[in-house]
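With chain A's structure known, arrange chain B on it following the hints.
2 protein chains.
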Amino acid sequence: MRKMTFLLVAAVATAGVVAFTAPTTGSAEQEAAPVYRIKIFPGYRDWKLISVAHEAGNLNDLRAVLGNDIAVKAYREGKLPFPDGAVIARLSWEYVPSEENNKVFGREQSFVAGPQPEWYLQFMVKDSRKYAASGGWGYAQFDKNGKPANEAKHNTCFPCHVPIKDRDYVFTQYAP
Amino acid sequence: MRKMTFLLVAAVATAGVVAFTAPTTGSAEQEAAPVYRIKIFPGYRDWKLISVAHEAGNLNDLRAVLGNDIAVKAYREGKLPFPDGAVIARLSWEYVPSEENNKVFGREQSFVAGPQPEWYLQFMVKDSRKYAASGGWGYAQFDKNGKPANEAKHNTCFPCHVPIKDRDYVFTQYAP
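Protein chains in written order, with my numbering: chain A, 871 to 1046; chain B, 871 to 1046.
Quick caveat, the hints were computed from the structure, so don't treat them as lab data.
Please note that a few of the clues may not be correct.
No distinction is drawn between identical chains; accordingly, a pair holds when it is met within one copy or between any pair of copies.
[Stated by the list, open to error] Taking lysine-lysine pairs in the DSBU-like style, the calculated list, with each CA pair at most 30 Å apart, reads: (1) Lys1017 / Lys918; (2) Lys1014 / Lys909; (3) Lys1000 / Lys1035; (4) Lys973 / Lys949; (5) Lys1014 / Lys918; (6) Lys918 / Lys949.
No experiment lies behind these values; they were computed from the predicted model shown.
Same shape as in the complex, but just chain A (with noise of 0.2 Å):
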């Protein structure tokens, strides 16, 4: 009995583990995203940073855009279209004030980032030969307990990149 009580704590231990590093770390037992096949890339969260926004609306997100490290040369030296190789992280957080914030400026001006939304997290992946028929690019979307989205959404991605062909399919540019 004391071996199993113990057994059972150390699986919802370790659960809790995923459920919080899954989305940030990736791991073995992730689930690739369907149609590109594409799997949490491992240590996104430390990737360096390509540029910022905010998608009002529906979305009314802030987010943050990083690359791998043949990203982001690949934006710093203007080299279009990107090498194989490339990947670009899209992360995204809930728009919310900050009332801290606001307090101290005396004005209502701060908005920050709040909890991961539903979509946390996309992902572009560069393989010319692998993803020819998509403009050399594979896409993936993940939500925030790192489950990819289905078939449906995953079509949606590349039409709705094309008008961005003259840029290599990639919209975020780089923030000076």
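Chain B in isolation, oriented as in the chain A frame:
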């Protein structure tokens, strides 16, 4: 004459590179900001992301807060006060609508990072002995050309951070 022309071109080219990279990489000639005597930290643009924000009102910027490894580790471990050596950088860009994105989305919803505003860059540097008189933090502000703000402006930093003493004087919280 030919040699002089070459030297002139070389000088102009060098100046151009310095102007472009000075706020990004720092340099040996970088002028220290008054009061706390802080220079721009080389490589800060490569640091990890802490969070993002939108300051509306007169500032009207999108901002990213980055940290060196000591700062980010402390944030992730929820460690307060921050250890000596922690450095936090605040970068900002003009908050501008993206006509390009809005056209694709079919809605006026997208705001992105525009040019660097006048006061592009700030640092907080933890050194509990050196900066004992200001809560253990030194403060620095630089314009988009890497020129430090004046002494009067630097004297306004610490008083504004005092209300956040409970979080070791740091406004920004880590974006999950």
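Right, here's what the structure says about each hint:
1. Proximity of Lys1017 to Lys918 under the C-alpha cut-off of 30 Å is found in both arrangements, the shortest distances being 24 Å within a copy and 25 Å between copies.
2. In the homo-oligomer, the alpha carbons of Lys1014 and Lys909 lie at most 30 Å apart inside one protomer (14 Å), although the nearest pairing across protomers, at 38 Å, exceeds that limit.
3. Taking the shortest Cα distances, Lys1000 and Lys1035 sit within 30 Å of each other inside one copy (18 Å), while across copies they are farther apart (52 Å).
4. Proximity of Lys973 to Lys949 under the C-alpha cut-off of 30 Å is restricted to the inter-copy arrangement: shortest distance 25 Å between copies versus 44 Å within a copy.
5. In this homomeric assembly, Lys1014 and Lys918 come within 30 Å of each other (Cα to Cα) both inside a single copy, at 21 Å, and across copies, at 20 Å.
6. Taking the shortest alpha-carbon separations for Lys918 and Lys949, both the intra-copy value of 17 Å and the inter-copy value of 23 Å come in at or below 30 Å.
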